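**Student:** Listed below, chain by chain, are the residues.
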Amino acid sequence: GAVVSQHPSRVICKSGTSVKIECRSLDFQATTMFWYRQFPKKSLMLMATSNEGSKATYEQGVEKDKFLINHASLTLSTLTVTSAHPEDSSFYICSAQNRQGYGYTFGSGTRLTVV
Amino acid sequence: GEDVEQSLFLSVREGDSSVINCTYTDSSSTYLYWYKQEPGAGLQLLTYIFSNMDMKQDQRLTVLLNKKDKHLSLRIADTQTGDSAIYFCAESIKGTYKYIFGTGTRLKVLA
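Protein chains in written order, with this note's numbering: chain C, 1 to 115; chain G, 1 to 111.
Hints were generated in silico from the structure; no laboratory data involved. Predicted model, so just to flag it, every value in this text is computed and none were measured. Hints may be right or wrong, so weigh each one.
Here are the simulated SDA-like pairs of lysine to any residue, each with C-alpha atoms no more than 20 Å apart in a straight line [unchecked claim]:
(1) G:Lys98 - C:Thr49
(2) C:Lys42 - G:Leu107
(3) G:Lys36 - C:Phe91
(4) G:Lys36 - C:Val3
(5) C:Lys42 - G:Ala41
(6) G:Lys98 - C:Met45
(7) G:Lys94 - C:Met45
(8) G:Lys36 - C:Arg37
(9) G:Lys98 - C:Asn51
(10) G:Lys98 - C:Gln29
(11) G:Lys94 - C:Thr49
(12) C:Lys42 - G:Lys98
(13) G:Lys98 - C:Val62
(14) G:Lys98 - C:Arg37
(15) G:Lys98 - C:Ser43
(16) G:Lys98 - C:Thr78
(17) G:Lys36 - C:Gln97
(18) G:Lys36 - G:Ser84
(19) G:Lys36 - C:Ser5
(20) G:Lys94 - C:Thr57
(21) G:Lys108 - C:Gln97
(22) C:Lys42 - G:Glu5
(23) G:Lys36 - G:Lys108
(24) G:Lys98 - C:Asn70
(25) C:Lys64 - G:Ser84
(26) C:Lys42 - G:Thr23
(27) G:Lys36 - C:Lys64
(28) G:Lys36 - C:Ser108
(29) C:Lys42 - G:Ser11
(30) C:Lys42 - G:Leu10
(31) G:Lys36 - C:Leu46
With the sequences and hints as input, model every part of the structure.
**Tutor:** Have a look at this one:
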């Protein structure tokens, strides 16, 4: 149980286009999901907390107009990277709190490459 | 502010024990976690320890917590090549959903 599916696993897009990444909790409801960004050989940096039915909470330094988050249902949160630039290339990972209430289940991540 | 630090690399021979260390700064952490990340994949929760515990053992994994020194370690007994990955420690921030992750330790197991 407590499976989080993230899609796509890899995406290559052109500069200036937008890319949507989906994060789904498959067998549980997640009122809160989290989006992380991982730079090469670096730790995960929390970008934002996605709350079902309300606005996301962004961490300091994260542009909310650039990284649009929508959490329209209890099982789906989406991250849209708008007007992507090469510096947005990164590994993006979502997570959701699991049933047991401790620890988080992570998606398998999305490798975004902007060319 | 909150900060979690780990050494970047560890190399061990197959069959030996591995010890991955982590130091953290937030003394109010309620849980501390160890995650494993294989290449190109997401994070897999390996184990966790509640802040009022000193030790937790789970099969080949032993977690030691020294709350006074804010030091957490993960010992992997009989390390196998399949254990090669990046290991992240993380602390949960009391009263929030936030995690602070360490920089990750890349474990390489030599056959």
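**Student:** Determine for every hint whether it applies to the structure shown.
**Tutor:** Here is what the structure says about each hint:
1. G:Lys98 - C:Thr49: Between Lys98 (chain G) and Thr49 (chain C) the Cα gap is close to 9 Å, so the pair holds against 20 Å.
2. C:Lys42 - G:Leu107: With a Cα-Cα distance of about 15 Å, the restraint between Lys42 (chain C) and Leu107 (chain G) holds, given a limit of 20 Å.
3. G:Lys36 - C:Phe91: holds, 16 Å
4. G:Lys36 - C:Val3: Holds, at about 16 Å.
5. C:Lys42 - G:Ala41: holds, 14 Å
6. G:Lys98 - C:Met45: holds, 11 Å
7. G:Lys94 - C:Met45: Holds. Lys94 (chain G) to Met45 (chain C) sits at ~18 Å (cutoff 20 Å).
8. G:Lys36 - C:Arg37: At roughly 16 Å apart (the allowed maximum being 20 Å), Arg37 (chain C) and Lys36 (chain G) satisfy the hint.
9. G:Lys98 - C:Asn51: Holds, at about 13 Å.
10. G:Lys98 - C:Gln29: holds, 19 Å
11. G:Lys94 - C:Thr49: holds, 16 Å
12. C:Lys42 - G:Lys98: holds, 18 Å
13. G:Lys98 - C:Val62: Holds, at about 15 Å.
14. G:Lys98 - C:Arg37: Within the cut-off at roughly 14 Å; holds.
15. G:Lys98 - C:Ser43: Between Lys98 (chain G) and Ser43 (chain C) the Cα gap is close to 14 Å, so the pair holds against 20 Å.
16. G:Lys98 - C:Thr78: holds, 19 Å
17. G:Lys36 - C:Gln97: holds, 17 Å
18. G:Lys36 - G:Ser84: holds, 9 Å
19. G:Lys36 - C:Ser5: With a Cα-Cα distance of about 17 Å, the restraint between Lys36 (chain G) and Ser5 (chain C) holds, given a limit of 20 Å.
20. G:Lys94 - C:Thr57: OK: Lys94 (chain G) and Thr57 (chain C) at ~17 Å, within 20 Å.
21. G:Lys108 - C:Gln97: Measuring from Cα to Cα gives roughly 30 Å; hence the hint is violated.
22. C:Lys42 - G:Glu5: Roughly 11 Å between the alpha carbons, so the hint for Lys42 (chain C) and Glu5 (chain G) holds.
23. G:Lys36 - G:Lys108: holds, 13 Å
24. G:Lys98 - C:Asn70: holds, 19 Å
25. C:Lys64 - G:Ser84: violated, 36 Å
26. C:Lys42 - G:Thr23: holds, 16 Å
27. G:Lys36 - C:Lys64: violated, 29 Å
28. G:Lys36 - C:Ser108: Status holds; Cα separation ~12 Å.
29. C:Lys42 - G:Ser11: holds, 18 Å
30. C:Lys42 - G:Leu10: Holds: Lys42 (chain C) and Leu10 (chain G) sit about 16 Å apart, inside 20 Å.
31. G:Lys36 - C:Leu46: Given that 20 Å is the threshold and the Cα spacing comes to 17 Å, the pair holds.
In this structure, the earlier hints numbered 21, 25, 27 are contradicted, and the remaining ones agree with it.
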